[in-house]
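Each chain is listed here by its residues.
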Amino acid sequence: MVVLREGMCPGLDEDLVRDLRNADIKTVEDLVSSDTEKLAQKCSVSYKALLAIRRVLLAQHTAFPVSGADLYEELLSSTAILSSGNPSLDKLLDSGFYTGELTELSGGPGSGKSQVCFAASVHISHHLKQSVVFVDTTGGLTAGRLLQMLEAETGSREEQMEALQRIHVFRLFDVFSLLDCLYGLRAGILQQASVGGGGGSVKAVIVDSVSAVIAPVLGGKQNEGMSLMTQVGGVLKTIAKDFNIAALVTNHVTRSLSGEVQPGLGMSWSHVPRTRILLERVEAASAGCSSLRSATLIKSSRQPCNIRVEFDLQRWSRSKRGSEEMRTPEEMDSA
Amino acid sequence: MQRPVSSLSLNPGVKVKLVSAGFQFTTDLLHVKPQQLSKEAALNQQEALEVLQAVRRADEGAASSSSTALELLQKEEEELRSIVTFSSQLDAALGGGAPVGRVTEVCGVPGVGKTQLCLQLAVDAQVPRCFGGVGGQVVYIDTEGSFLIQRVADLAAAAVNHCSLLVEDQEQRVAMETFTVESILSNMFVVRCHDYIELLAELHLMPGFLSDHPRVRLLVIDSVASPFRPLFDELLQRTRLLSGFAQQLLSMATSHDIAVVITNQMTTRVQGAQSQLVPALGDSWGHAATIRLLLQWEGPQRLAIIVKSPCHRVSTVRYTITSEGFRDAEQWSEPLSQSETGKQGV
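Chains as they are written, first to last, in my numbering: chain V, 1 to 335; chain Z, 1001 to 1346.
Treat the hints with care, as some may be off.
What the hints assert, rightly or not - To be clear about the criterion: a stretch of chain V counts as covered by chain Z if any three or more of its residues have a C-beta under 8 Å from a C-beta of chain Z, and this derived list gives those stretches: (1) 44-56; (2) 70-83; (3) 95-104; (4) 177-185; (5) 250-258; (6) 266-274; (7) 297-309.
None of these hints come from the bench; they were simulated from the model.
Where is the CB? At the ideal position from N, CA and C, for every residue including glycine.
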């Protein structure tokens, strides 16, 4: 639905726009869905001219079919698979986060969602030398923790700083700021970030968490929240597709009546992400907290669902590198 | 893809009018004059102006600014200090204490020391910078009526006494002159809220108050649970209010560089034949705080467990509460606590 304006197409001049407006035709949609013959009589313009305008407007606002072969070409040339850095999680994701797709991590408090986001952004910025946009809506991002993870990867201060510089952080706490940010990214910040960020184009957009900003507007008497949620999903998908970016979001969990854990934000959101993963703590037998987490694939278009893997948050990267925090002195020496 | 008008932060009624007048995307509004808009969309002058300003802001994309992780790291290292708890083990586990710029939640059963920790932090937040403190003011929102001023005076006297023993140089001597029980009490703003409406209203006014008092470094809410738990009949409404509340707290913590410390009660979750004690207010509230600290009893001992934190390990420490305040558990020397950490934490 676009408002009719003079000069939108040849033949659509000021007088005609006024006449159409008087006939209650304000938008392109109104024009193409009205009876052209009657309209021509009403506005006293030639039927032919109106038909021509209609045709041009339709052509301007239509979507074009693309052949499957071309899409496949494009897939081969531009889709990248960004490894998360963790072998078992990669197995679940069919080797990593795909660009052009939206992946969701859900889990309860302390289930490791943010840690996976940090580790993935560190891996992408350090190993793959690509920029990452990190939208932090929960105040959880700590640069100190990112540095800690980087220190486990490389001993060179310079490389650590470079990697940190490739992570662009947005901190915002309500859904409108999130939409502002995402539309802004689409409108050009993405390119700027890749120019100013010291090499590497933006290959991943991470929103941690999307439920934190959507949950406050969802429910209640107004259904505006639903519309905002759909828009967040829509713009994230468009960014992912248009710029060939892997989008990663986190979501909270709710408990169904039977006590089962399921991702939050309801049914309509469940269609938005292409791949969904549920993270849970692995309860150790000794009744304590461990860094072991399990990840279950609950929606995927590539892999059979309900595959479950376990991984250790402390031993994120490949096992030969050892754990990141509990490195033994020998490892410190060899690094 | 163009940006729909409905994604702008405007009154929903205004948005409905805009869309029904045919203005679906922000680009439709870019070249419209205020008078024209108010006539076409049946808005008043003021609303039309607001709409156009919002459109322009969105078009420039000025609303959000990013920083690189490196810049954040520098800020974290230089500006954001933590508020010490006076329990060296807990400070070590938390990397210095309750971090400024973040929301920390303290959960626990009645009597385990949640309020004591809050009162202690309210005093500690005022420790002068030269003693390793943050030298700030404190806003204390009390919803349970548990703010005991005599107890605060005791803690303050102990803190002043502790610092006076540490004085070494001239700067610290000067600082000690203004660090007295009286000054500590006068730099504490106590708000008593009786129900959730008062609490929400207070929080709405808080950004203005914080701008007027830039020295505030700590906001305590003791507790969040008591005003919200009576809302059990309207669970959906409660969840929505709480998640909005959480985002407000986060936004304040980040934009005003204050530490936000909130307390939460415990509740029993029944699952089949088993039951366990979990923090109240439901699962989704669990995401609200950045750091979640669980205080619990183990026999006669008190334990503090970091259950959730994006930047600390899960770990367990012992503490005790003395007449002077929140302190390390002395009779249990460090090796014990480490074996505890080794067994339970990671």
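Now the hints, each set against the structure:
no., hint, result
1, 44-56, "violated (count 0)"
2, 70-83, "violated (count 0)"
3, 95-104, "violated (count 0)"
4, 177-185, "holds (count 6)"
5, 250-258, "holds (count 4)"
6, 266-274, "violated (count 0)"
7, 297-309, "violated (count 0)"
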